Amino acid sequence: MISYSGRWSILLALVLTVFLYGCQSKPEKAVIGIALSVHNHQAIELAARNINEAGGIDGVPLELVGLEWKFRETVHPSEILEWAERFAAADDLIAVIGHSDSASTLSAAAFYNKHKIPQIVTIATSPAITRVGDWTYRLCLSDAKQGPALARYALDQWGKKRVATFYVNDDYGRGVAQQFEEEVLRQGGTIVTSVMHRNLLKPDDQQLIRYTVERLEKESPPDLYVLFQREEAARWTIETIRGTGSRAGILGGDTLGAPEFIQGYPEAAEGIRFSQFFVPDPASPRASAFVADYRALTGETPGYGQAFAYDAVFLLAEAARSSGYSREGVKSYLDNLISERRIIHGVGGHYTIGADHDGRRDLYIAEARGGGWEVLARLPVD
Amino acid sequence: MGSLQQMPPDSKTGWARVSRQLLIILAVTFLVVLLFMAQLTYRYVKLTDQANRSVRSLQSTFELNQELRSGIQEQINMLHRQFETPSPLALHRFSQLNYTLGERHSRYVTLDIGSDERLAVESIRSLQAELGVQGVQIFDHLRRGERGRAVEVIGQVEELAERLEREFELLNRFQVEKLRTVQASVTGSLKRARLSIASLAASLVLVLGLVTLLLRRRILQPLQQLVEASEEIRRGNFAARCPVRRYDEIGQLATSFNFMAESLATSYATLEHEVQARDRLLAALRAEMVQMEAVRALSSLIRGSAYELNNPLTAIAGFAELQKMKVAATRRDADEIRVLDDILAQTDRCRRIISNLLLVAQPAQSQELVVPINTVVEPIAQLREYEMKVNNIRLIREYGTAELLIRAEPYLLRQLVLTLLIAVEQSVRDTAGSGSVTLRTAVSEGRVGIEVFSGSPFPLPREGQPENKSEEVRSSAFPSCSALAQGLHATFVAGSGDEGLFFNVSFPPASEEGLEAAEERNGSLRK
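These protein sequence lines are chains A and B, in that order.
If you read the first sequence in the numbering used here, its first letter stands for residue 1, the second for the next number, and so on.
If you read the second sequence in the numbering used here, its first letter stands for residue 1, the second for the next number, and so on.
Keep in mind that the hints were calculated from the coordinates and are not lab data.
Remember, it's a predicted structure, so these values are computed and weren't measured experimentally.
Do not take every clue at face value.
[Claimed, not checked] The following label-pair restraints were derived from C-beta to C-beta distances: (1) 16(A) with 169(B): 54 to 60 angstroms; (2) 77(B) with 338(A): 41 to 47 angstroms; (3) 16(A) with 23(B): 44 to 50 angstroms; (4) 169(B) with 247(A): 50 to 56 angstroms; (5) 247(A) with 176(B): 35 to 41 angstroms; (6) 23(B) with 338(A): 52 to 58 angstroms.
We treat Cβ as the ideally placed atom computed from N, Cα and C, and that holds for glycine.
Construct the complete structure from the given sequences, taking the supplied hints into account.
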C-alpha cells in the first residue's frame, strides 16, 4: 500500500517528467507562412533549401506554406484575410513573412496581432504598419525614414529645388509622398505639383499625368520629378516626362530599385535615380554566395525584396533555434534583438531593429545604368 | 476502591475524530467557496475587460467613422466649391486632406474589429482612394476648362459618396451587431453568474445540513445521552452509564463519565458501609454508656454498702474476738472457739472483699498516676476469683515483674480489667461451661501489656498490621473496652478463637529504664 505522501511524490515525478519531456521535445517541422509576391518566392525557397540542406533548424526541417498563393500586385482584402486565417490555423506555424505592399500588410497586420502571430515585414514601408501591434516587425526602413532622407538628398546633394511628385493613392504612395513633401518644404524646396493616381493607370490617370507634365514643362518646369509609383505607372510616367523633352532629373522610391523594374524596363529606367536598400557587399562571402545562387537559380540579379526575404527566413530559423519552435519563442527572440540592439548580419546588409519595430539599415541612392545600377550615395538615416 | 474499568487508549484509528471531520468539511467548503469566488472574479474581470475593450473599440470606431465621413464630405464640398469659385490652392488643400484621411484609415487596423468590419473598412478605404483620384481629375478638368467632363466626373464622385455612405452604414450595422453580441455575452455571463451563485448557495445549504446532521449524530445525541445518565446518577441510580459507541472526543468523554460514575458508585457504597458501621458502633456505645451509668450507680451503691458493711463486720469481728477471748478464758470450749475462729476468718474475708469492692467502685479521679500494674490488677482478680471458682473456672495469674509501672488513671484501669475478666469468663461459661481464664501482665515489644484470655493463647496480629475481619468484629463488639482503652491511651486488641476470647491492652511504659530492667528480668510475654 503506497502512503499518501508517496502517491503525491509519484504524481509530482510524473508531472515533472512530462513537463521536462515537453520542454525538450521538438516538433516534426517548423512552418513559416509566406505572404510575399511571386517575385520573392524563389529567394524564400533558396533560403529554406539552404537551411534544410544544412540539417534544418537543429534537425527540425523548415517548411514553407503560402507559396501557392501567387500574386504580383495588390490583392483584394478578402483574399488577404482568407490567407491570414489559413496561416493562423496551420500546425507548427511559427511566423508569417509578408506582405509585399503596405495596404495588404496593414490589412493583415491587425489579424496577426490579434492572433499573436509574429509578422516579419520585408519591403512594405508604410509607417502605420509597425504601429498596429507588438507582433509586427519590419526589416526594411519605414517611409518615415526613407521619405525625409530622399528629400534631403534631392535638395542638399543633388541640388534640386522645384519638385513635382507623382504618387499612387494607396498606403505606400501616400505615406512616402507625404513624408517626402513635408521634408522638402522644411528644407526650403518647392512642391510645384503633387499628383495622385490609381495604382494601375486608367486613361483618366494617364491623361492627368500627361497634361500635368506638359503643363509643368510649358509653364514652370520643375528640376526634379519624384515618382512613388509601381513599375507600370512609373514606366508610363517616365516615358511621358521624357516625351516632353524634359531635362529634369527623375528620382524614384524603393519600388523603382527593384529588378522587376530596372531589368523589366531598362530603357525607361536608364538614368533615373532611386532609393536602394540592398547593395551587395563584395566583402561578405554569404552575400556574394546568395547573389550567385540566386542568379544561378533564376538568371536574374536579386533585389532588396529577395535579399530581405532570404534574411527573414534565416532570422526566423535562428529565432526558433534559440527560443523555441513557437510563436511566443520567436517573438521573445525578436524582442531580445531589440532590447539588446543586436546587429544582424544578413545578405541584405547589416541591420538592427529599433524599439519602434522598424529596421535600421543603410539607405543608398543608385542610378540605373544599362539594366543594372550603380550606387551614387549612402544616405544617413537616424 | 474495588475494581474500576480501565480508561480506553486514545484511539487515532477507526473512527475519525469529530474535530478532524468538521475541520475537513469546513476546509473543503472554504476551498470550494474560494475557488468559486476566484472563478467568479476571473469571469467578472474577463467579462469587464472584454466589455471595456469592445466599448472602447466601438467608441473609437464610431469616432473614426465620424471623422472619415466628415473628411470625405469635406472633400466633396471642396470639389463643389471648385466649380463655383475656383481656387489655385484648393488642389493642395484637397491633397493634404487626402493625406489626413489616409492616415485616419490606417488607424482602423489598430482597432479590435472583426473580419466583416475589416472588409467594410477596406472597401471604404478603396472607395475613398478612388474618390481622391477622381477629385484630382476634376481639378485637372476644371483647370483645362473641360467643365462638362468635370461635371461627368463629379457625378461619379457623388455615386462614390453614396457607395461610401452605404459602406459606412454597413460598418455601422456590423458594429451595432457587435454591440448586441457584447450585450448578449454580458447578459449571458450575468445569468450564468446568478445561476452559479444560486448553485453555491444551495451547495452551502446542503453542506450546512450535512454538518448539522453530523453534529446531531456525532455530538448532540451522545451529549443528550450523557445528560440523561448524569440525571440518573443525580437521582441516585449509580448504575446508570453512557453508551460508548466510538472512540472520538465524545466517546472519550463518555468513557471518562462512566469511569467517574463507577468511582462514585464505589465511593458511595464504601461510605454507606462505614456509616452503617459507625451507626452500629454508636448504638453499642450508647448501650455501654447506659451500662456504665448503671455500673457507676451500682459502684456508688456498692461503695456505700461496703462502707456500711464495714461497721457491722468490725462489730461482728470485735464481738467474735471478745467471745473467743471469753470462751478461751472461761469455758475453753474448743468447738465454740473453732466456730468463733471461722467467724473471724469469714469476717476478715468479707472485709477484703469489701476492700476490693471499694477499690473497684472507687470514683474516677481524672488524674493519671504512675502505678505498678500488678498492684492494680490483683485486687480485681481477687474480686472475681471466688465467683469463677464457684462456676468451675480457674483464674490463672501470670504476673510479670512487680516493678512494671505504667502511667494510667487507676480507676479506669481497674474498670477495664474487670470488664475484660467478666467478658472472658462469660465467654468460657457460654462455650465450655468450665475452663480457665488467664490474666497475664508482661512487657512485649517495648510496651507493658495486660492480656486476658481463655484457654491457650493464640497468635494476634502485630500492631500496625491490618486486623482480620473477625477481630474487627470483636473489637467493635466491645466498644466500652475500646473506649476505656482509648481513655487510658492504651492500644486495645480483641480476638476470638475456638477456645474463647482474647484481649490485649498495651501501655507505654512509665520510664524506659524501668522497662529495660523489667524485660531483662521477665522476658517478653508474646513474641
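Outcome of the hint check:
1. 16(A) with 169(B): 54 to 60 angstroms: 58 angstroms, holds
2. 77(B) with 338(A): 41 to 47 angstroms: Since residue 77(B) and residue 338(A) have Cβ atoms about 45 angstroms apart, the given range 41 to 47 angstroms holds.
3. 16(A) with 23(B): 44 to 50 angstroms: 31 angstroms, violated
4. 169(B) with 247(A): 50 to 56 angstroms: Roughly 52 angstroms apart at Cβ, these two residues keep to the hinted range, so it holds.
5. 247(A) with 176(B): 35 to 41 angstroms: Given a distance of about 59 angstroms, which is not inside 35 to 41 angstroms, the answer is violated.
6. 23(B) with 338(A): 52 to 58 angstroms: With Cβ atoms ~54 angstroms apart, the hint holds.
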